[in-house]
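J.: Below, each chain spelled out in residue letters.
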Amino acid sequence: MLKKTLAGLAVALLLSSTAYAEEIVVYHSWSSGPEVAALNVIKKGIEAKGHTWTDIAIPHDTGSNVNLMNLVTGGSPPNVFMESNPGVFRDLAGLGFGRPVTEFFEEQGITEHLPLAVAKSITVDGEIVKIPTALHIDGMAYYNMEVAKAAGVDPASWTSLDAMFADFQKVSDAGYVPLAIGGQQWQVGYLFHALAAATGGVDFYNGVYGAEPDPAVLDSAEMRTLLETLRKFQEAADEGSANREWNVTTNMVITGKALMQIHGDWMKGEWTAAGKSAGTDFGCIQIPGAKAVVATVDSWGLLGGQSPEMDQAELDFASVVVDPEVQAEFALAKGSTPVRLDAPESALDACSAEVLHILADPAHQVQNPHSMSDADWQNSIWDVVFNFWSDPSMSVDDAIAQLQDNYETILG
Amino acid sequence: MSQMSASERAAGATEVPVARAPYFVRKKKGISPQSIAIIVFLSMCALFFCIPLYVVVVTSFKSMDQIREGAIFALPQIWTLDAWDHAWNKACSGINCHGLKVGFWNSVMILFPSLILSIALSMVTGYALALWNVRWAGAFLFLLFICAFVPFQIIMYPLIVMTSSMKVYGTIWGVAIVHAVLAMPVLTLIFRNYYKDIPQEIMSAAVMDSGSFWKIFFEIILPMSGNILIVILILQITSIWNDYLIGVTFGGLNGQPMTVNLANLVTISTGTTNYAHNMAAALLTAIPPLVVYFVVGKLFVQGVTAGAIKG
Numbered sequence: 148m149l150k151k152t153l154a155g156l157a158v159a160l161l162l163s164s165t166a167y168a169e170e171i172v173v174y175h176s177w178s179s180g181p182e183v184a185a186l187n188v189i190k191k192g193i194e195a196k197g198h199t200w201t202d203i204a205i206p207h208d209t210g211s212n213v214n215l216m217n218l219v220t221g222g223s224p225p226n227v228f229m230e231s232n233p234g235v236f237r238d239l240a241g242l243g244f245g246r247p248v249t250e251f252f253e254e255q256g257i258t259e260h261l262p263l264a265v266a267k268s269i270t271v272d273g274e275i276v277k278i279p280t281a282l283h284i285d286g287m288a289y290y291n292m293e294v295a296k297a298a299g300v301d302p303a304s305w306t307s308l309d310a311m312f313a314d315f316q317k318v319s320d321a322g323y324v325p326l327a328i329g330g331q332q333w334q335v336g337y338l339f340h341a342l343a344a345a346t347g348g349v350d351f352y353n354g355v356y357g358a359e360p361d362p363a364v365l366d367s368a369e370m371r372t373l374l375e376t377l378r379k380f381q382e383a384a385d386e387g388s389a390n391r392e393w394n395v396t397t398n399m400v401i402t403g404k405a406l407m408q409i410h411g412d413w414m415k416g417e418w419t420a421a422g423k424s425a426g427t428d429f430g431c432i433q434i435p436g437a438k439a440v441v442a443t444v445d446s447w448g449l450l451g452g453q454s455p456e457m458d459q460a461e462l463d464f465a466s467v468v469v470d471p472e473v474q475a476e477f478a479l480a481k482g483s484t485p486v487r488l489d490a491p492e493s494a495l496d497a498c499s500a501e502v503l504h505i506l507a508d509p510a511h512q513v514q515n516p517h518s519m520s521d522a523d524w525q526n527s528i529w530d531v532v533f534n535f536w537s538d539p540s541m542s543v544d545d546a547i548a549q550l551q552d553n554y555e556t557i558l559g
Numbered sequence: 006m007s008q009m010s011a012s013e014r015a016a017g018a019t020e021v022p023v024a025r026a027p028y029f030v031r032k033k034k035g036i037s038p039q040s041i042a043i044i045v046f047l048s049m050c051a052l053f054f055c056i057p058l059y060v061v062v063v064t065s066f067k068s069m070d071q072i073r074e075g076a077i078f079a080l081p082q083i084w085t086l087d088a089w090d091h092a093w094n095k096a097c098s099g100i101n102c103h104g105l106k107v108g109f110w111n112s113v114m115i116l117f118p119s120l121i122l123s124i125a126l127s128m129v130t131g132y133a134l135a136l137w138n139v140r141w142a143g144a145f146l147f148l149l150f151i152c153a154f155v156p157f158q159i160i161m162y163p164l165i166v167m168t169s170s171m172k173v174y175g176t177i178w179g180v181a182i183v184h185a186v187l188a189m190p191v192l193t194l195i196f197r198n199y200y201k202d203i204p205q206e207i208m209s210a211a212v213m214d215s216g217s218f219w220k221i222f223f224e225i226i227l228p229m230s231g232n233i234l235i236v237i238l239i240l241q242i243t244s245i246w247n248d249y250l251i252g253v254t255f256g257g258l259n260g261q262p263m264t265v266n267l268a269n270l271v272t273i274s275t276g277t278t279n280y281a282h283n284m285a286a287a288l289l290t291a292i293p294p295l296v297v298y299f300v301v302g303k304l305f306v307q308g309v310t311a312g313a314i315k316g
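Those protein sequence lines, which keep their order, are chains A and B. 148 is the number of the first residue of the first sequence in this note's numbering; add one for each residue after it. 6 is the number of the first residue of the second sequence in this note's numbering; add one for each residue after it.
Since the hints were made in silico from the structure, they are not lab data. Among the hints, erroneous ones may be present.
Claimed, not checked - Some chain A residues close to chain B (C-beta under 8 Å, calculated; not the full set):
| # | residue |
| --- | --- |
| 1 | H175 |
| 2 | P181 |
| 3 | N187 |
| 4 | V188 |
| 5 | D202 |
| 6 | I205 |
| 7 | P206 |
| 8 | T220 |
| 9 | G221 |
| 10 | I401 |
| 11 | E417 |
| 12 | A421 |
| 13 | A510 |
| 14 | H511 |
Said to hold, decoys possible - Simulated crosslink set (SDA-like; lysine to any residue; CA at most 20 Å straight-line):
| # | chain 1 | residue 1 | chain 2 | residue 2 |
| --- | --- | --- | --- | --- |
| 15 | A | K267 | A | L488 |
| 16 | A | K190 | B | H103 |
| 17 | B | K95 | A | A480 |
| 18 | B | K172 | A | M216 |
| 19 | B | K106 | A | L488 |
| 20 | B | K95 | A | K423 |
| 21 | A | K190 | B | K106 |
| 22 | A | K423 | B | N101 |
| 23 | B | K95 | A | D202 |
Ideal Cβ positions, reconstructed from N, Cα and C, are used throughout, including at glycine.
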């Protein structure tokens with residue numbers, strides 16, 4: 148026993164004497180099976196570089212990351228943290244903890260391999276400050292192939308939302324729910340911005356969700372089409388949809404009660420957890436006729452103002468995260484898509500390959516609102532949209548008036 | 006002599022309703038329509054609380070395949086303890102997958118210092134305010150009363166800076182101190198109102214017998230505080246055990262309580278959800294305060310009826 152301990156100590160000493168072994172404190176909010184498996188891929192990589200991983204996991208939803216800022220003000224900040232909200236990075240820079248990595252990305256030749264939406268998502272005020280780790284599309288349609296066959300429809304052939312709605316009667320007649328929707332505020336909010344990109348296109352989308360929204364788009368033909376489309380989705384929702392979790396909703400599709408769901412493609416995790424595989428049990432398409440897709444990028448931030456050794460360790464962490472091989476392995480474990488267009492194709496499933504295929508066109512993609520929009524503005528859109536969703540008597544004009552009102556209050 | 010009168014007083018308080026009871030007790034036995042209505046109403050209330058609990062319990066024994074089918078009221082096809090084992094031993098909180106037991110022991114480590122600190126602080130304060138002539142006592146009480154209505158979230162940031170400058174931020178002591186400070190207003194008011202009913206004669210006699218502040222506290226007041234202590238213990242154990250925000254904010258890297266583990270397990274944004282694991286974990290987290298309540302619950306009711314939290 149003692150011998151073992153001594154041997155262990157010796158090994159530990161040996162390891163720690165290799166070049167700048169640092170204890171990297173990693174702050175994140177991931178704890179589910181696939182997420183942890185993905186984190187372990189990165190952990191393996193940084194341990195190979197001689198560093199250790201100290202974990203601090205606190206669940207939080209998007210928005211201002213209070214727990215992270217608490218750790219910073221309390222004097223025990225993590226070295227690496229999972230965060231996408233640009234406001235947090237601005238706050239940290241203001242406190243002297245900013246760590247831009249633009250140069251590092253240029254030196255390593257990473258930027259040119261990133262889809263445009265990813266490159267934009269990781270940039271705050273002209274500097275790259277985030278290390279992209281996982282990519283998701285906010286509005287993909289995942290459908291059960293067996294149900295599609297039984298109902299006699301082929302989602303892959305839809306070229307517009309009208310074609311999709313036209314087929315719904317057929318699906319209902321066959322005894323299936325055509326479209327499974329979870330009626331929670333954030334889900335409807337996500338559906339809304341996914342549809343904004345799909346029906347309105349890049350310019351319209353950026354007018355609503357950009358860093359500086361354009362008040363003119365709030366009362367435009369595109370906005371009316373968008374709200375009317377959302378109303379159609381609401382009318383197509385089944386009775387049990389109110390306040391249903393997205394993953395419960397996904398399970399309706401998995402178990403063959405419903406044909407399809409339009410939601411973020413993290414749905415894939417539920418499908419794989421249920422033992423189904425992409426391309427044979429379930430199919431994935433972008434929203435029919437989409438003019439653009441919304442990319443959500445999960446990313447890490449690095450803490451600045453550290454010792455040169457720790458700074459190097461943080462960059463080691465970054466280089467592991469964006470390594471193409473690690474990206475492929477990570478994406479497979481998490482159920483996400485690699486953030487690099489040059490990730491080895493052999494490691495991609497049918498859905499990830501489809502996503503990278505879509506994202507190869509820079510004119511066909513926008514970023515998730517959380518990575519650019521003002522947080523209050525974004526929340527106010529969710530409020531209006533969810534009220535619109537929940538109250539069928541609310542007209543498009545009412546919704547537009549409320550949006551304009553909120554714009555005046557928050558950004559005007 | 007003085008203790009006699011105190012116990013008489015206490016006894017008198019419980020005797021009054023007993024003496025009156027016969028006037029109000031039902032005249033004839035048997036089931037009247039009124040009592041049927043009451044029984045129906047009570048059963049509905051009980052069902053209202055028991056049905057969700059039933060779902061939680063049976064779900065924790067089901068397999069994920071059965072849960073996906075969506076019949077939440079069905080009994081498990083195969084009863085399995087896997088979820089409980091997973092929640093206790095293997096659930097991941099971040100990258101560390103050692104189950105809720107890690108957080109359980111953290112919670113225990115947080116519970117005791119927080120309990121002792123918060124109760125000691127407010128007990129002595131309540132005693133001083135009720136039984137000694139403290140200058141500005143009225144103003145101080147009023148201030149405490151106001152403080153009881155200040156939400157923790159508002160003063161969280163200053164508290165972080167303060168604990169950080171005291172070098173206890175991120176430690177169990179930091180959590181304990183914050184619990185003690187935040188519980189102080191309400192607990193002090195409760196203790197003060199309880200001690201206020203102790204007759205002035207006891208205090209006069211004690212002072213005459215040359216008792217000092219602490220001597221009177223330990224030899225006379227503390228032995229008389231059984232009832233109120235039970236009430237406060239239950240209140241505090243429940244609130245400290247169930248606390249999330251203070252633990253997550255002040256616990257630092259390794260001191261996070263069980264509720265944070267639970268939240269990590271249950272809060273899923275883009276991952277997959279295993280409901281059986283979640284239910285088992287929730288039950289495991291809820292058990293300790295329940296056990297405390299069952300063990301001393303009877304004393305709790307006695308404490309309340311003996312006037313512990315009246316006024």
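J.: All hints, please: hold or fail.
T.: The hints, checked one at a time:
no.	hint	verdict
1	H175	7 Å, holds
2	P181	6 Å, holds
3	N187	7 Å, holds
4	V188	11 Å, violated
5	D202	4 Å, holds
6	I205	6 Å, holds
7	P206	4 Å, holds
8	T220	5 Å, holds
9	G221	4 Å, holds
10	I401	7 Å, holds
11	E417	5 Å, holds
12	A421	7 Å, holds
13	A510	27 Å, violated
14	H511	23 Å, violated
15	A:K267 / A:L488	15 Å, holds
16	A:K190 / B:H103	17 Å, holds
17	B:K95 / A:A480	19 Å, holds
18	B:K172 / A:M216	18 Å, holds
19	B:K106 / A:L488	42 Å, violated
20	B:K95 / A:K423	25 Å, violated
21	A:K190 / B:K106	23 Å, violated
22	A:K423 / B:N101	27 Å, violated
23	B:K95 / A:D202	16 Å, holds
In this structure, the earlier hints numbered 4, 13, 14, 19, 20, 21 and 22 are contradicted, and the remaining ones agree with it.
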